[in-house]
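Participant: Now for the letters of each chain:
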Amino acid sequence: MKKLTSVADLKELKQQSSLASNSKDAPSSQQPIVIKVAMATCGIASGAKATYDYFVQELERQKIKATVCQTGCMSYCYAEPTVEITLAGEEPVVFGFVNSAKAQEIIDKYIIQHQLIDGIIPASYKTV
Amino acid sequence: MTHHHIFVCGGIGCRSMESEQLRKNLQREIIVRGLSDEVQVVSTGCFGFCEKGPLVKISPDNTFYVQVSPNDAAEIIQEHIINKQKVDRLLYIHPETKKRVTEAKDMDFYKRQYRIALRNCGNIDPDNIEEYIARDGYTALAKCLTELSPAEVIGTIKKSGLRGRGGGGFPTGLKWEITKSANSIQKYVVCNADEGDPGAFMDRSILEGDPHSVIEAMAICGYCIGADKGLVYIRAEYPLAIKRLKRALQQADDTGLLGKNILGTDFNFEIELRYGAGAFVCGEETALIHSMEGCRGEPTFKPPFPSTEGYLGQPTNVNNVETFANIPVIINKGAEWFSAIGTEKSKGTKVFALAGKINNVGLIEVPMGTTLREIIYDIGGGIKDGKKFKAVQTGGPSGGCLSEKFLDTPIDYDNLIAAGSMMGSGGMIVLDEDDCMVSIAKFYLTFTLEESCGKCAPCRIGNKRLHEILDRITQGLGTEEDLIRLKSLSNVIKDTSLCGLGQTSPNPILSTMANFYSEYEAHVKQKKCPSKQCKDLISFSILTDNCTGCTLCFRNCPVEAISGEKGKVHNIDQDKCIKCGICFSKCKYEAILVE
Numbered sequence: 018m019k020k021l022t023s024v025a026d027l028k029e030l031k032q033q034s035s036l037a038s039n040s041k042d043a044p045s046s047q048q049p050i051v052i053k054v055a056m057a058t059c060g061i062a063s064g065a066k067a068t069y070d071y072f073v074q075e076l077e078r079q080k081i082k083a084t085v086c087q088t089g090c091m092s093y094c095y096a097e098p099t100v101e102i103t104l105a106g107e108e109p110v111v112f113g114f115v116n117s118a119k120a121q122e123i124i125d126k127y128i129i130q131h132q133l134i135d136g137i138i139p140a141s142y143k144t145v
Numbered sequence: 087m088t089h090h091h092i093f094v095c096g097g098i099g100c101r102s103m104e105s106e107q108l109r110k111n112l113q114r115e116i117i118v119r120g121l122s123d124e125v126q127v128v129s130t131g132c133f134g135f136c137e138k139g140p141l142v143k144i145s146p147d148n149t150f151y152v153q154v155s156p157n158d159a160a161e162i163i164q165e166h167i168i169n170k171q172k173v174d175r176l177l178y179i180h181p182e183t184k185k186r187v188t189e190a191k192d193m194d195f196y197k198r199q200y201r202i203a204l205r206n207c208g209n210i211d212p213d214n215i216e217e218y219i220a221r222d223g224y225t226a227l228a229k230c231l232t233e234l235s236p237a238e239v240i241g242t243i244k245k246s247g248l249r250g251r252g253g254g255g256f257p258t259g260l261k262w263e264i265t266k267s268a269n270s271i272q273k274y275v276v277c278n279a280d281e282g283d284p285g286a287f288m289d290r291s292i293l294e295g296d297p298h299s300v301i302e303a304m305a306i307c308g309y310c311i312g313a314d315k316g317l318v319y320i321r322a323e324y325p326l327a328i329k330r331l332k333r334a335l336q337q338a339d340d341t342g343l344l345g346k347n348i349l350g351t352d353f354n355f356e357i358e359l360r361y362g363a364g365a366f367v368c369g370e371e372t373a374l375i376h377s378m379e380g381c382r383g384e385p386t387f388k389p390p391f392p393s394t395e396g397y398l399g400q401p402t403n404v405n406n407v408e409t410f411a412n413i414p415v416i417i418n419k420g421a422e423w424f425s426a427i428g429t430e431k432s433k434g435t436k437v438f439a440l441a442g443k444i445n446n447v448g449l450i451e452v453p454m455g456t457t458l459r460e461i462i463y464d465i466g467g468g469i470k471d472g473k474k475f476k477a478v479q480t481g482g483p484s485g486g487c488l489s490e491k492f493l494d495t496p497i498d499y500d501n502l503i504a505a506g507s508m509m510g511s512g513g514m515i516v517l518d519e520d521d522c523m524v525s526i527a528k529f530y531l532t533f534t535l536e537e538s539c540g541k542c543a544p545c546r547i548g549n550k551r552l553h554e555i556l557d558r559i560t561q562g563l564g565t566e567e568d569l570i571r572l573k574s575l576s577n578v579i580k581d582t583s584l585c586g587l588g589q590t591s592p593n594p595i596l597s598t599m600a601n602f603y604s605e606y607e608a609h610v611k612q613k614k615c616p617s618k619q620c621k622d623l624i625s626f627s628i629l630t631d632n633c634t635g636c637t638l639c640f641r642n643c644p645v646e647a648i649s650g651e652k653g654k655v656h657n658i659d660q661d662k663c664i665k666c667g668i669c670f671s672k673c674k675y676e677a678i679l680v681e
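If you're matching them up, the sequences are chains A and B in order. Per our numbering, the first sequence starts with residue 18, numbered consecutively. Per our numbering, the second sequence starts with residue 87, numbered consecutively.
Simulated from the structure, these hints should not be mistaken for laboratory data. Some hints here could point you the wrong way.
[What the hints assert, rightly or not] Each computed DSS-like pair below joins lysine-lysine, with the alpha-carbon atoms no more than 30 Å apart: (1) B:K191 x B:K172; (2) B:K419 x A:K119; (3) B:K143 x B:K172; (4) B:K191 x A:K20; (5) A:K119 x B:K197; (6) B:K245 x A:K31; (7) B:K332 x A:K19; (8) B:K315 x A:K28; (9) A:K119 x B:K110; (10) A:K31 x B:K346; (11) A:K119 x B:K143; (12) B:K419 x A:K19; (13) B:K229 x A:K28; (14) B:K332 x A:K28; (15) B:K329 x A:K66; (16) B:K110 x A:K20; (17) A:K143 x B:K329; (18) B:K329 x A:K28; (19) B:K191 x B:K419.
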C-alpha cells in the first residue's frame with residue numbers, strides 16, 4: 018500500500034476509492050451488483066459465513082458478476098444473517114434470515130429477475 | 087415490468103393487526119384488476135413504527151400509509167395505483183405541523199434512528215482502509231493537523247456538547263482540555279474498549295464494523311493533548327474485534343496515517359493494544375490503567391484524575407469507544423450541527439443494545455431525547471409473545487429498573503438519573519410480566535459481587551450482606567427487618583464505596599424497591615413470588631379436570647417426580663419436584679398449575 022505523505026495524497030486516494038470498480042457506494046457498469054453480508058460476531062454466530070460463501074460460489078457457478086463483501090453490524094440483530102443487495106441503478110435492499118435457501122431465492126428472483134421477494138427489512142434509520 | 091411495489095409490514099406488531107390479511111386482500115385486488123404484471127405486493131420485516139401500524143409503503147413514489155386495515159385494500163389499488171391519487175385519510179398526520187405528510191421527501195419521519203457513531207457499520211468492509219477513506223475517512227485528522235490548532239479542535243469538541251458515552255457522561259472537550267494543560271513530556275491517549283456491562287455490545291460493533299473511526303479519533307486526541315502514544319484496552323473476550331482492530335492498525339501504519347510524520351506534518355502517533363482479562367472492574371478508568379501497568383486491576387482514589395496523573399503517572403486521556411467514534415464527524419460537520427441534535431444538556435445520539443423480551447433485538451442509535459416508549463414500542467417492535475411490559479433496565483449492573491410510568495421519559499443523562507437509573511454504556515434490557523423484579527435485583531448483585539475487586543469494605547462486605555438478604559427473600563425466608571436493612575445498607579454502600587462499581591452496585595435494588603415494592607412485600611409477607619419465578623416459592627401441580635393422562639409430563643420429567651398410568655390423572659411428588667417447568671412447557675392440555 019502506498020504511503021500517504023500529504024493531504025493531497027489522501028484526497029487523491031479518496032477520489033480513487035470512491036470511483037473504484039469495487040466501490041460499494043457507486044456500483045459501476047463493471048460490477049453492477051454489490052452484495053454486503055453483515056459479519057459482526059452476531060452475524061457470524063447466526064451463519065453469515067456460510068451465507069457469504071454460498072453467494073460467492075453460486076454467483077461464480079452462474080457466471081453472474083458481483084462483488085460480495087463483508088461488513089460490520091447492520092444492527093438488525095433479530096434478523097441475522099442479513100444481506101444488503103444493490104443492483105445497478107436501484108436503491109439498496111436488505112434481506113433478513115438469509116440462509117443458503119434464502120440466498121438461492123434472492124439470486125433466482127431478485128438478482129436475475131429483479132423481482133422483490135418477501136422478508137425485506139426496511140431501513141429504519143437515517144445515516145449521517 | 088413491475089412499476090409499483092406495495093410493501094406491507096409483516097413485523098409482529100402489524101401482523102397482530104391483520105397485516106397478513108391486508109396483504110392477501112391487496113394481492114386479490116391486483117389480480118382481479120389484471121395488474122399482476124405491473125404491481126407486486128411484498129411483505130417486509132418491521133419498519134420500526136409500530137405505534138401507527140399496520141403500515142404500507144408504496145414505491146417508487148415512497149408514499150407511506152398508516153393504520154391500514156384489510157378493508158382499505160380495494161381503495162388503495164383503485165385510487166393510488168389506477169387513478170394515481172393518494173388516499174389522504176391513510177396518510178400520516180405529522181404531530182408538529184398537524185398536516186398529512188404527502189411529499190416523498192418528507193417520508194423519513196418513521197425512521198427514528200440516526201446513525202452517527204454507527205455511520206459506517208454495515209456499509210464498509212472494516213478490513214479495507216480504502217473504503218473508510220472513500221467515506222471521508224481521515225479527512226478530520228488531516229483538517230486538524232493542517233488547518234486547526236489543538237486549542238481550536240478542543241474548542242469545537244467542547245462546543246459540540248459531546249459527553250462521555252461509557253456511562254460517566256463527563257464533557258469530552260473539557261477532559262481533553264485538562265489533559266492538554268497538564269505539564270509533561272509524555273502523555274497518553276487511552277481507549278476504553280473493555281465493555282463489561284452484561285448484554286452491551288455497542289463498542290464491539292463499532293470496533294468490528296468501523297475500527298478506523300476510533301483510530302482516527304485517538305490520533306486527533308493525541309494531537310490536541312500533546313500525546314504521541316495511544317493504547318486501546320480491549321477485553322480479550324472480543325476476538326473478532328481484536329482481529330479487525332489489529333488489521334486496521336497495520337493498514338493505517340502501512341498507509342502512513344499512523345507512525346511518524348503523519349501526512350507530512352511533524353505529528354507522530356502510534357497505538358498499541360492491551361488486553362483485559364475478564365474483570366468488570368477494569369472498565370473503571372483507574373483500575374484499567376493499573377491493569378495496563380501490569381498491576382492488579384484495582385481502582386484508586388480520584389483526585390488525582392488520570393488527566394493529570396494516569397498511566398505510568400503521566401497525564402492520560404481515557405475515553406470510551408463510542409465517544410471516539412463521534413469525533414471525526416464533529417470535526418467535519420461542525421459543533422453547531424452536532425449540538426442541534428439531542429436535548430439541552432445531552433447532545434448528539436446514543437447507541438443502545440436493545441435486548442430482553444422485545445421483538446426487534448439489536449443495536450439502535452437514537453437522538454438523545456427519544457422516549458423509552460418510542461424505543462420499546464416502535465423501534466423495538468413491542469413486547470415478545472404479546473406479553474405485558476413490566477420494566478426496562480438501563481445502565482447495566484450500575485443502573486436501575488424503570489416501570490411503566492417512566493415510559494415517556496426522554497432519554498438523556500440527567501433524566502435517567504432523576505428517574506432512579508442511569509444511561510450507563512447503553513445496555514437496555516426489556517422485562518415483561520413473567521420477570522420477578524426481586525430475582526432481577528439479585529441477578530445483578532450476584533454479578534457485581536463476583537466482580538468486586540475487594541479493596542474497600544463497603545463493596546466487599548456490604549454487597550455480600552445484601553446478596554445474603556436477597557437470597558433469603560427469594561427463598562421465602564426474608565423478614566420485614568430485611569427489607570429495612572436492604573435499603574439502609576444499600577445507601578451506605580453507595581455513599582462509602584471507593585469506586586463506581588461499589589457506588590452503583592445497589593442501584594438495581596434501590597430502583598426495584600422504589601418501583602416494585604409490592605413484589606418484595608409478597609416475597610416477605612405472603613412468601614409468594616407474583617411472577618412465579620422463584621423456585622422455592624412456587625409449586626407445580628396437576629389440574630385433575632384437564633389432565634387426560636397422556637403421560638407426556640411423566641416421560642419428560644428429569645427427576646421422575648411425576649407418576650400416573652396412561653389415561654389416568656397424573657400426580658406430581660412435591661418432595662422430588664425441582665421446579666424446572668418442563669412439564670408445564672410440554673403439557674398440551676393446560677393441566678399443569680403453577681402457583
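Participant: Taking the hints in turn, state whether each one holds.
Facilitator: Against the structure, the hints:
1. B:K191 x B:K172: Distance ~15 Å between K191 (chain B) and K172 (chain B) Cα, so the pair holds.
2. B:K419 x A:K119: Not satisfied, since the Cα-Cα distance of roughly 40 Å exceeds 30 Å.
3. B:K143 x B:K172: Within the cut-off at roughly 12 Å; holds.
4. B:K191 x A:K20: 42 Å, violated
5. A:K119 x B:K197: At roughly 26 Å apart (the allowed maximum being 30 Å), K197 (chain B) and K119 (chain A) satisfy the hint.
6. B:K245 x A:K31: Holds - the C-alpha atoms of K31 (chain A) and K245 (chain B) are around 29 Å apart, at most 30 Å.
7. B:K332 x A:K19: It holds: about 19 Å lies between the C-alpha atoms, which stays within 30 Å.
8. B:K315 x A:K28: OK: K315 (chain B) and K28 (chain A) at ~26 Å, within 30 Å.
9. A:K119 x B:K110: 22 Å, holds
10. A:K31 x B:K346: Since the Cα atoms of K31 (chain A) and K346 (chain B) sit roughly 21 Å apart, the hinted pair holds (cutoff 30 Å).
11. A:K119 x B:K143: 23 Å, holds
12. B:K419 x A:K19: Given pair K419 (chain B), K19 (chain A) holds - Cα atoms ~28 Å apart, limit 30 Å.
13. B:K229 x A:K28: At roughly 12 Å apart (the allowed maximum being 30 Å), K28 (chain A) and K229 (chain B) satisfy the hint.
14. B:K332 x A:K28: 25 Å, holds
15. B:K329 x A:K66: 16 Å, holds
16. B:K110 x A:K20: 59 Å, violated
17. A:K143 x B:K329: 29 Å, holds
18. B:K329 x A:K28: Satisfied, since the Cα-Cα distance of roughly 28 Å is no more than 30 Å.
19. B:K191 x B:K419: Judged against 30 Å, a Cα distance of about 22 Å means the pair holds.
Checked against the numbered hints listed earlier, the structure breaks hints 2, 4 and 16; every other hint is satisfied.
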